[in-house]
Amino acid sequence: MKFTKLLASLALSMSVVGVAYSDLVIPSLDYRTGPYAPNGIHFADGYADYFTLLNERDGGIGGVPIRFLPCETAYNTEKGVECYESTKGEGSLVYQPLSTGITYQLIPKATADGIPIHSMGYGRTSAANGRVFSHVFNYPGTYWDAASIIVKHILDQEGGDLNGKTIALVYHNSAYGKEPIRTLEKLSEKHGYTLTLIAVDHPGQEQKSQWLQIRRERPDYVMMWGWGVMNQVAIQEASNIRFPMENFIGVWWSASENDVIPIGQGAHGYKAIAMHGVGDDYPIYDDMRKYVLDAGKAAGDGSNLGKILYNRGLYAAMLASEAIRTAQALSGVADISSEQMRDGMEALSIDEARLAELGLPDFGPPIQVTCENHGGPGLGAIQQWDANTQSWSLITDFTGADREVVDALIAEDSAAFAAENNITPRDC
Amino acid sequence: MFYRESGDFKTSYLQDQQIFPILQDRVFVAVVIAFAFLVVPFLINDYWEKSVLLPVLIWSLAAIGLNILTGYCGQVSLGTGGFMAVGAYASYKFTTAFPELNLFIVVLLSGGVTAMVGILFGLPSLRIKGFYLAVATLASQFFLVWLFNKVPWFYNYSASGQINAPERLIAGIAITGPNAPPWATYLFCLIFVVVFALVAKNLTRGRFGRSWMAIRDMDIAAEIIGVAPLKAKLSAFCISSFYIGIAGALFFLVYLGAVEPTEAFGIDKSFLVLFMIIIGGLGSILGSFIGAAFMFLMPVLIKNILVNGVGWSPDIVAHLILMIVGGLIMFFLIVEPHGLAQLWRVAKEKLRLWPFPH
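Chains A and B, in that order, are what the protein sequence lines are.
Each residue of the first sequence is one higher than the one before, starting from 1 at the first, in the working numbering.
Each residue of the second sequence is one higher than the one before, starting from 1001 at the first, in the working numbering.
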């Protein structure tokens, strides 16, 4: 007991540092260690570099500098909670947990603390219903949108008829991987395909039995909800059993360069859904090189610029900074609070002209967040890997999900959450 | 000079049998408990609650549980994570099926359910020992986690397979859920830990504890002198699982509030608790507390010093923590193989003789 107290008192004396002054605090619950690090690093670099760019080039947002607080979670829920508790007192504006488990953990806590969460294309899908989830945002799209868009793409390939076809879902056996199951089940009723569920346990380094099952059952298509090392292993195993890669489609978290490069030629033709553009052929990267990379202020070694997940981190940071701008305009205050940030996120509107102004022309679809719809436009495109040129390219336009199916599911699940937690849906 | 038995006369059997024979120890423990109950609730904030005190209390309880089984009865177990999951899921099922049920009762019932499961998985211990038993309990770890992932009834058919603690009140004050005040959740856990630590201390000093230790030291000799191995081993599994189940229930209901089995109750949790009791001291209740505090707080402390104090980047520190904590574990195991509790025991011996050692 004595030892506990001593350690605890030391910990306190160390945690009370940093004095509040005028700044915009952006915490980053990132992970550069553990089995999910290969993907976590790229996202964290993109997220950090964009804010560094704003600080270096524009002196922050609206004249107020950004204070960036990285905290290592290793994709672990308990560490995520520790990170949240240790940074929320600093005046954090928005949390980007980058883990469905931590998002679930933080949804009630952050709502009670009045801090918004931006679980961008992950987390709890039904949080798209802003009437129930006042502080949780998952624009520009949700898992259920992604599942539906992938099925749409398969429909296109099959000429609109999926009767008698089999689709297998290889998923991370966690809240994250289980998210799309309900949507895929509903869609299978509608389109008549058979759904096979194949779970892969954390961290997913061993998938021999799963792919043996796929080899035996020969599904026509395989979808993947994977993350971290699980992605590489799955694509490797698929290539080992010579599964046709163009029929293997991943979610946007199973869609980065480090998932396909280790497999070499075997990964040629692998597809995934995309929520934003690929590559570094955007004007913003000139500024990024000039102000951040060449000045030696990059979060990583600078080799990740233009990679899918770096772009995703950059996109997330851009959406956060645009929400800060919106909040500043709405409230008339430059040094906004987390509640004002929430209002800003709810009023966020980014059109094509604004994207071009930001140096990201045609990077993603226009975004319009409203009080009812926190899930954004819910658009996705299909991207395909070319192993010869070592690059991703978008092979379809951005299309929408089957709103009839997805919206009904969102209404149902958010109503269940509201009933469970005694939440009266807000008026919008 | 001051810390000694002489002059502290025992005039009744009751006094002779008390837990702390030395006056200073009694005063110190009383002050610590009084401080924990009367002062800490007024100082506590969210960070201290969620990042320091609750996890340390809960892991201490789990460590006491495993210490009863491994430290006192000598049965190695790698199923701690699985048994914590049983406690967590039992408490979830109880509190969602009977929302009116008092949380104290929910937690105790969850402990009871885990005790039953513990007895079931303890049965092989009657036939197998040592490493083989460790492997058998390892099977329970994987089986239980798989079960809670596979059967939707356990998570009330929720879409994500996660379980979420609904808000529950005691006397009008929220204990679970996001609106629970830090002092309430802290006191809730503290009551369990203090009561059950005292119970464990007394159990280990009584007939049960002696039969466990007899089995641990030499099971054949114990059997010959009349200790029934069936009773001793299964009671150790039962009581140990009860403690671990309570820890699991508190871990889910009060500390995290939302868990999924693979991540929250994986094999690494089983190892963590095992390391806690090895570092803290096998066969020592105090050691369970010290071990839990060491294993849980050391990374947090190093992180706070190096990231917030020195200003290094968090990813470098995350890697350093693995090395530093690993190094410290090896250091303590080499310098003091009987755990940190032994250090305290040795210090006490020295203090009694001070300032005139032989």
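Since the hints were made in silico from the structure, they are not lab data.
For each residue, glycine too, the CB sits at the ideal point set by N, CA and C.
One thing to keep in mind: the hints can contain errors.
Said to hold, decoys possible - Quick list of simulated restraints, FRET-style, between CB atoms: (1) A:Gln213 with B:Thr1096: 57 to 63 Å; (2) A:Leu197 with B:Val1039: 37 to 43 Å; (3) A:Ala356 with B:Ile1170: 42 to 48 Å; (4) A:Glu206 with B:Pro1021: 51 to 57 Å; (5) A:Gly63 with B:Thr1096: 35 to 41 Å; (6) A:Asp301 with B:Asn1102: 54 to 60 Å; (7) B:Phe1271 with A:Leu197: 55 to 61 Å.
What the hints assert, rightly or not - Derived list of chain B stretches under chain A, where covered just means 3 residues or more per stretch with a C-beta under 8 Å from a C-beta of chain A: (8) 1061–1071; (9) 1262–1271.
Unchecked claim - Think about it this way: if two alpha-carbon atoms lie no more than 20 Å apart in a straight line, the pair counts; the simulated EDC-like pairs of lysine to aspartate or glutamate are: (10) B:Lys1093 with A:Glu420; (11) B:Lys1150 with A:Glu206; (12) B:Lys1350 with B:Glu1336.
Now the hints, each set against the structure:
no. : hint                                : verdict
1   : A:Gln213 with B:Thr1096: 57 to 63 Å : violated, 34 Å
2   : A:Leu197 with B:Val1039: 37 to 43 Å : violated, 53 Å
3   : A:Ala356 with B:Ile1170: 42 to 48 Å : violated, 57 Å
4   : A:Glu206 with B:Pro1021: 51 to 57 Å : holds, 54 Å
5   : A:Gly63 with B:Thr1096: 35 to 41 Å  : violated, 50 Å
6   : A:Asp301 with B:Asn1102: 54 to 60 Å : holds, 56 Å
7   : B:Phe1271 with A:Leu197: 55 to 61 Å : violated, 30 Å
8   : 1061–1071                           : violated (count 0)
9   : 1262–1271                           : holds (count 4)
10  : B:Lys1093 with A:Glu420             : holds, 14 Å
11  : B:Lys1150 with A:Glu206             : holds, 19 Å
12  : B:Lys1350 with B:Glu1336            : holds, 16 Å
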